[in-house]
Amino acid sequence: MSYAYLFKYIIIGDTGVGKSCLLLQFTDKRFQPVHDLTIGVEFGARMITIDGKQVKLQIWDTAGQEAFRSITRSYYRGAAGALLVYDITRRDTFNHLTTWLEDARQHSNSNMVIMLIGNKSDLESRRDVKREEGEAFAREHGLIFMETSAKTAANVEEAFINTAKEIYEKIQEGVFDINNEANGIKLGPQHSPAAAGGMAAGGLGGSQGGGCC
Amino acid sequence: MIHAMPLQSNCPQPVIKMLSSSSSPDIEERDSPDMDEDSGQKQETKDQAPDKGHGKYMQWQRSDSPSPERSANGGRGEPAGAARSPDRSEWALLEPAVGYHHSRDNGKEDSVSMSPPAADSAEFRPRPIEVDLSEIRSLRVTERGTLCVIIQSDGSTTSPLRFPSSAHMDSFLDMVNSVTPIVRSCKDKALYLAEEQSRPARATQGTVDTLYGFARFSERLVGTGIKLVRDFHQDPRAATLTGIGKVAEIVLNRGLEDHRPEEAIADALRQHSFELEPPRLQSTQHEGFEVVTEIRLGEKRPVARQKPLTQQEWDDAHDVEGRIPDPDALRRRIFHGGVEPQLRASVWPFLLDCERPELTTEERRAARDQRRDDYFRMKLQWASMSEKQLTRFTGLRDRRALVEKDVTRTDRGEAFFSGTSNITLLHDILVTYCMYNFDLGYVQGMSDLLSPILFVVKDEVDAFWCFVGFMERVCGNFELTQKGMEQQFSDLHALLQVYDPTFCSYLDRNESSQMSFTFRWLLVWFKRELDWPDIQRLWEVLWTGLPCSNFVLLVALAVLVQQRSTIIESELGFSAIVKHINDLSMHIDLESSLKLAETIYGQFRDGSRVPAPVLRILDLPVPPESDAGSSPPAGSVPAAAGADPSPAGGQRSHDSSVSEDERSYEIALASQYM
Ligand SMILES: Nc1nc2c(ncn2[C@@H]2O[C@H](COP(=O)(O)OP(=O)(O)OP(=O)(O)O)[C@@H](O)[C@H]2O)c(=O)[nH]1
Ligand SMILES: [Mg+2]
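Line by line, the protein sequences are chains A and B.
Under full-length UniProt numbering, the first sequence has 138 at position 138, and the numbering climbs by one with no breaks.
Under full-length UniProt numbering, the second sequence has 180 at position 180, and the numbering climbs by one with no breaks.
Next up, chain A with everything else stripped away, as it sits in the complex (with noise of 0.2 Å):
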C-alpha cells in the first residue's frame, strides 16, 4: 500500500536476546520460539497509522554474535530508529548495552532515536535485571525504556509505535531532513498532504497489520 513515510528501524542487541522473536511478533502476531538464529540481516515490514498517517516499518533485524559486530554495523547506515533488546533474565545482556549503545551513535546519523528494550518479561521468576536498573540506563542516557515480551506480546505493538510517533514528532519539529534518504525516512511514492489527509484512520498510534516486505 501507499504509505507517507517510510522508517527504517534496526534491530540490535546480544544474541538470543528475542530479537527476531519481537520481530516476528510485530509483524505477524505470533511467537514462534523455534526458528533459525539469525546470520546477516533478515527484514521484516509493517504498516502503521501515526496521526491518520500511513507509515511503513521497514526492519532490519540484526545478528547478536559479537564476532558479526563489524557486519552489523554496516547496517546502521540510514537508520531512523532502533530497538536496543537485553534479556532480562540475562544480565550479561545488560551489561553489554553500553558497547551496543556505542555503536549505534558512532555508525548510525545522531537523530536516530533509540528505544531500550528489556525482553522476555513473561519471565519473571527469572528475571535478573530489575525494570529500575532498565529506567535508570534510559534515563541516564536518554532513551525511551519499555519491558516487553514476544512470548505474550506485552508491549510489542508499543515498542514500535512509541518509536516511529517519536520520530514522526521529530519530523515535525523539523529536527529530521525527510529529503535526506541518510536520515531513514523516505517520503511514499504518492505522498501529498492531500492524500494522506483524507485517509479514515484512526489517530496517533493506531495501527493495524499487514503489508510483507
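Bear in mind the hints are in silico, worked out from the structure with no lab data behind them.
Just to be clear, a hint being listed does not mean it is correct.
Estimated spans, in silico, between C-beta atoms of each pair [what the hints assert, rightly or not]: (1) E140(A) - L147(B): 51 to 61 Å; (2) R605(B) - D128(A): 57 to 67 Å; (3) R144(B) - H141(A): 53 to 63 Å.
Quick reminder that beta carbons are idealized off the backbone N, C-alpha and C, glycines included.
Once you have looked at the hints, place chain B with the ligands on chain A.
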C-alpha cells in the same frame, strides 16, 4: 524465508487478486477485509488484513480450496483482473508458503525423517503477497514468459509467480501496465521497468549526472594524465574512482588525446549504455609513471554439467584392496556432477580429508577406530566436567551456553532436526570441536555448517571429523577479527571489477563497495540461500577444491552478475541492494550458477593482462612480467589440508575409565540410526 514447495495439482491453489481502494476498470475496489471469503481462511486474512491504504495494490492470496472460486469479490464491480477469465484461476504462486522465517521443504529427494516431524506446518499460514503498484520498480519475466518476479523500490523481491502460459503473462502485464505504465528494458529483454524509471529523461538522469562527474573526471584524467590511474592502483575501491568503467569507455576507446567537451562526452556515454562491455583497466607501475593497459578476458565458453557420481563409478574408483589410486580424477568427476545422494555418506569423508585415499580397506578401518577413540577422548574432556569445575572454566562454560542456545535454532524445520536427539548430537559435536580447537571455539554459523553433514553421514564420530575437514577450509570466516570475511569481500570486489566494471562501479556509487551484502553467502557457503538438496550439491562441488580453492567466490560472482541488470535498472540503492540480495534466498538456480562460475573461471584463466592479485585469488599462474609488487594471495585456503590427527592414542587406562560412557553413547547412537 520462502518455503519452496512444488506446485501439485492436489495442493492448495493460491488465487490472485488485484485490489485497490480507488475504482478502476481492471482493479478491484477494496473496502472490507471480508472480501476474502473465497479463500476459505476468513479468519486469517482478517488478522492479516493490511491497512486500507490509498494506493493500488495487488494481492496474492493462498486459497485452501483446490479449485478456487473467483467470483468472491463481494459482487462489486468487475472481478479483479486476475479473476476475470477462468483460465487465470491457474495463476499460482510457485512457493505458496510465504513466511518470515527460513524453512524448507521436507518432502524432497533425500530427506528422511528419523525424528518426529516438525510442528504442524498448517499452523504457519502463508501471508498474502502484496505489491503496491506505485512501488514497483521492475518485473523480471523468465522461463518463456511464465515466471515473474516483482522488484519494489525498497529492493523487496517477490517469490516467483508462475503463470500457465505466456498469454496469461501478457494479460497480466497489460493489466499492470494499465495502472503503472511499464516498458520493456532495451538492455535486458527479461526486464520490464516501471515508467518512472524508464521515461527517457528519468532513465538517463542518474547516469547523466554521474557522467558529468565523469566528464570532469576524464578531463582531469586527460589533463593530469595518470593521476587517476595511480589512485586506482593504490586503492581499487576508492570512492572517487567509482566511474572507472565509464571512464575507460570514453578515454580508452577514444584515446587519451581525445579531449571532448562535457556535453559530448555525456552524449556519447548515453549511447554507450550498460550493455556495452567496457574495456577493463589495468595499471602497471614503471619507474614513476604508470601504463594503462586493457584487460581482456577469455572467450565466454559455456560448460556442461554432468550427472552425479554413481555407485558403480565410486566402486570402480577403488582398487581391489580398497585404495583410491587416482583421487584427483575422482575429485574432478565430483566437481563436474556432484554425488548421488545415497553415496554421500561414503564420499563426503573422502572429500573432507577424513578418509585418506591411499589406505586399504583394512587400514581404513583401523584409522576409523583411532578417530573414534580420539573423538570420545575429547568429548569426555568436557562431558566429565562438573558444574563446579565449569565455574572456573568460563571460557568453556560460555561456549557451551552459546552452543546450547544455537542448536535449538538450527534447521528445526527439517524433520531430521525437529526432535531433540539429533539436536543433542549437534550440540555434542560442536562442544567437542571447542575442545579440538579451543582457540577458535564456537562461533555462530558453525551449527549451520554441521547440520547437513550430520544429516548425511548419520554418525557422530564421522560427522565430527568431516566437520573438522570443512572447518579447515572455512575457519577464517569465524575469526573474531573477521579478517577472513573482509578478505573475501575485497577479493570478490576485485574479481567483479575486472569481470564487470560497470556493475562494480554501480555498486561503488551506491555505497555497496564493501560487498557486505554477500556476508551470509560467503560465511556459510549459501547454506541459507539454497534448499536442502542444493546445499549438499554445492558443498560437495566446492569441497573438491577445484578448479581453485576460492571457487565459492566465483559462485558468488556468478549469482551476483545475474542480478546486475535488475539492480542497475531498478536503480537500487544501498538498503535496497541488501534487501534484494536477501530476498534471493531460495530463488537461486544452483546448476546454472555453477555453470556460469566455471565459465567465468575459464575467462579469467584465458584472459590477457589480468592483474596478478586477481590471478592469485583464483590460484592461477602469474606471468613473470606482471608479478611486480603485488601482495600475496589473500584468503586462499589450502585445498587439501589433512585432518589433524590430534595427539594420537590417548592413554588406554584413561579409556577404560570411560568405557561406560562410551558404550552407552554408542547404544544411543545405534538405536537412533537403526
Ligand atoms: N519466554 C520468552 N522467550 C523468548 C522471548 N523472546 C525470545 N524468546 C526465546 O529466546 C530465543 C532466542 O530468541 P531469538 O529471537 O532467536 O533471539 P535473537 O535476539 O534474534 O538472537 P540472534 O539472532 O542470535 O541475534 C528464542 O528461541 C525464544 O525461545 C520472550 O519474550 N519470552
Ligand atoms: Mg535473530
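| message | Please check whether R605(B) and D128(A) have a Cβ separation lying inside 57 to 67 Å. | response | 58 Å, holds
| query | Is the gap between the beta carbons of E140(A) and L147(B) within 51 to 61 Å? | reply | Holds: the Cβ-Cβ distance is about 54 Å, inside 51 to 61 Å.
| query | Is it true that the C-beta distance of R144(B) to H141(A) lies inside 53 to 63 Å, as the hint says? | reply | About 58 Å separates the Cβ atoms of R144(B) and H141(A), which means 53 to 63 Å holds.
The structure shown violates none of the earlier numbered hints.
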